[in-house]
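Chains as they are written, first to last, in the numbering used here: chain C, 196 to 444; chain V, 8 to 128.
By construction, these hints were calculated from the structure, which means they are not laboratory data. A few of these clues could be false.
Under 7 Å between C-beta atoms, here's a sample of chain V residues computed to sit facing chain C [claimed, not checked]:
(1) 27
(2) 40
(3) 54
(4) 120
Derived DEER-like restraints, expressed as beta-carbon distance ranges [said to hold, decoys possible]:
(5) 351(C) x 26(V): 53 to 59 Å
(6) 65(V) x 320(C): 37 to 43 Å
(7) 331(C) x 56(V): 32 to 38 Å
(8) 331(C) x 112(V): 32 to 38 Å
The C-beta atom is built at its ideal place from N, Cα and C for all residues, glycine as well.
Residues per chain are reported as follows:
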Amino acid sequence: MSDSPVMTHGAEAHHEHPSYQRHHFETVDQQFDATNFAMWLFLLTEVMFFGGLFMSYLLMRNWYYQAFVEGSHQLSIFWGTANTTVLIISSFTMAMAVWSAQMRRQRALLAFLGLTFILGTAFLGIKAIEWHEKWEKHHVPGLHQFSEQSFLNPKSDTEVWNEYHDKPLAPDMAQKTEEYFFLYFAMTGMHALHMVIGIGLLIYIFIRARTGAYTNGHFTFVENFGLYWHFVDIIWIFLFPLLYLISRY
Amino acid sequence: MSEHDNGNNSEAEYHEQHHIVSPVTYAIILLILLVATATTVWASYIDLGEWHIAPGLTLFWNPVVALAIACTKMTFVVLFFMHIKYSRKLTKLTVISGLFIFLVLIGMTLSDYFSRAWGRW
Numbered sequence: 196m197s198d199s200p201v202m203t204h205g206a207e208a209h210h211e212h213p214s215y216q217r218h219h220f221e222t223v224d225q226q227f228d229a230t231n232f233a234m235w236l237f238l239l240t241e242v243m244f245f246g247g248l249f250m251s252y253l254l255m256r257n258w259y260y261q262a263f264v265e266g267s268h269q270l271s272i273f274w275g276t277a278n279t280t281v282l283i284i285s286s287f288t289m290a291m292a293v294w295s296a297q298m299r300r301q302r303a304l305l306a307f308l309g310l311t312f313i314l315g316t317a318f319l320g321i322k323a324i325e326w327h328e329k330w331e332k333h334h335v336p337g338l339h340q341f342s343e344q345s346f347l348n349p350k351s352d353t354e355v356w357n358e359y360h361d362k363p364l365a366p367d368m369a370q371k372t373e374e375y376f377f378l379y380f381a382m383t384g385m386h387a388l389h390m391v392i393g394i395g396l397l398i399y400i401f402i403r404a405r406t407g408a409y410t411n412g413h414f415t416f417v418e419n420f421g422l423y424w425h426f427v428d429i430i431w432i433f434l435f436p437l438l439y440l441i442s443r444y
Numbered sequence: 008m009s010e011h012d013n014g015n016n017s018e019a020e021y022h023e024q025h026h027i028v029s030p031v032t033y034a035i036i037l038l039i040l041l042v043a044t045a046t047t048v049w050a051s052y053i054d055l056g057e058w059h060i061a062p063g064l065t066l067f068w069n070p071v072v073a074l075a076i077a078c079t080k081m082t083f084v085v086l087f088f089m090h091i092k093y094s095r096k097l098t099k100l101t102v103i104s105g106l107f108i109f110l111v112l113i114g115m116t117l118s119d120y121f122s123r124a125w126g127r128w
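If we strip away everything but chain V, and leave its shape as in the complex, we get (with noise of 0.2 Å):
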């Protein structure tokens, strides 16, 4: 507890800034990611098929729904369970920022494997 009066006044602006989310929220998202996790496990038991796109480039569709739900799980947690949803503009584009180089990442050394012309040289 503060004692000083000057911190009650920054505590009642702090309230203003900092979204105090509620525990039903913080229990709907963990229902939701339970039955993400339950209905990732099913899907993994079927077989939902592939996509020829081009000769030699096929989509699988198992691993593309496997991401999806997981996607959205991570989703729901940085929103809720790390505040985003509430947080500021900094900080909500340093989330996004590091996303995006993540998928740079990802992105531009997985097109130079698959574009080699492996054993060809």
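Pulled out of the complex, with its shape left as it was, chain C reads as follows (with noise of 0.2 Å):
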């Protein structure tokens, strides 16, 4: 992935070679692929990695549905969704932003990757107007007194009281709603982690993009980045029914 210049081998049978070639590869296609085939790898560590917390979150959820239901309905909806709709339209942007660099376009390689980290800080953004309402309403398990008040008694919480009228939990079951918000902030914690790893890369790559890397036919990283943020994007599309949409009727 770097661009170190590697010419000729010296070996006379060689011909020479694309400076991002790097020389124990055959040709560029080879590369290519082998770089792709390791970033697909490294992606079924993440699958393996964020599996074992939504095999966490099915048990959980068959176990304490009721406590499930009620914490999600703590959820907001409208922010949900505008942050489902953010992510896809980031991961289109970042679909576009490898399209520009295979078309060596760099002013649009600049600006889609330019509006894929807008989109990703929105995104962040959102996620921290979520975090916050949930902190001042003393959600957070083990921090900030945790208060299953809303679950003892939902009349007492009277915004979501008037959309959902939930029934009283009986005390052991309004504990685990605890259970549900540890899951909550690990999962979305976890991905929102990813997010700002994301975005470490995409300033990275967009201070490289302006020098001219990656519109030169040698758009690997871009490409074996984009499928990461797209990663990111799919367990997002699995957490957002999974921690909003809990019996919301």
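Dock the two chains into a complex; use the hints.
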């Protein structure tokens, strides 16, 4: 992925290479395929990583369904849908950034990278608004005195009460809402951490793209970063219905 | 830009092997994903009922529909945004084996938890 200048091998049978082809690869194609395959293997380890979280979620949801329903009613459908939309559009702009790199259009590449950066940051901003609301309502597990008030006495939480008329939970079930919020913060938190790393990489790519990197025919890094970005999008595609859309009727 | 003739040749070969997905395709996928998002939110507000398969075993349709829509969205993202539709068999196989192992992880663990005689020992 670096542009270390490797021109010739010195051996007489070898032809000259583009500067971005590393000497241990036969062709640029082989180099692309190897890197691309490695990126997919990395994404598989990420699937396993998030898989553990999804697994715990499924089990806890089956055991403490009522707690998960009422915990989920605390989340804002408006912000959740807005964030899903923002992230999906950012995936589109990232796909377009890869296309711009493939077509060697530097200005388009910079524009789409910039848009992806803005949308990614907007996603984190919206997430921060949502998390802050949980903090204020004492719905952060293990910190800031977790409160079961909204679940023991739903009428005390007028905003949610007006929409859902939830029944009061028995004390042992109300306790389990902390389990729901633990998974909510673990899953959205891990996802957000991936977004932060992604945004960091976007800045790096943007700076390098300004000097003409990636539009010289060597766009492997942008392509593979795109895979990462889309993967993080897919995680959210599953988090959204699982965390926000539990029994909304 | 490559200064070498050979570089240009391999570039021509490159375009044969690597399909460049057109922006129109990307835009259509974006539209599909947005419509699917709206559908999943809309569907979550409707009681889709449940299916009593056997005593003590009930399937609720709402989460089934929500996950089916999410899987559809994932498929579009993987196939087009992530170029799997146009990639080599090795890459396709890698993706499918990843999904398979994920399902084994979920399936085996859940069947263990659900088949235990909880509280009866």
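Which numbered hints fail: none
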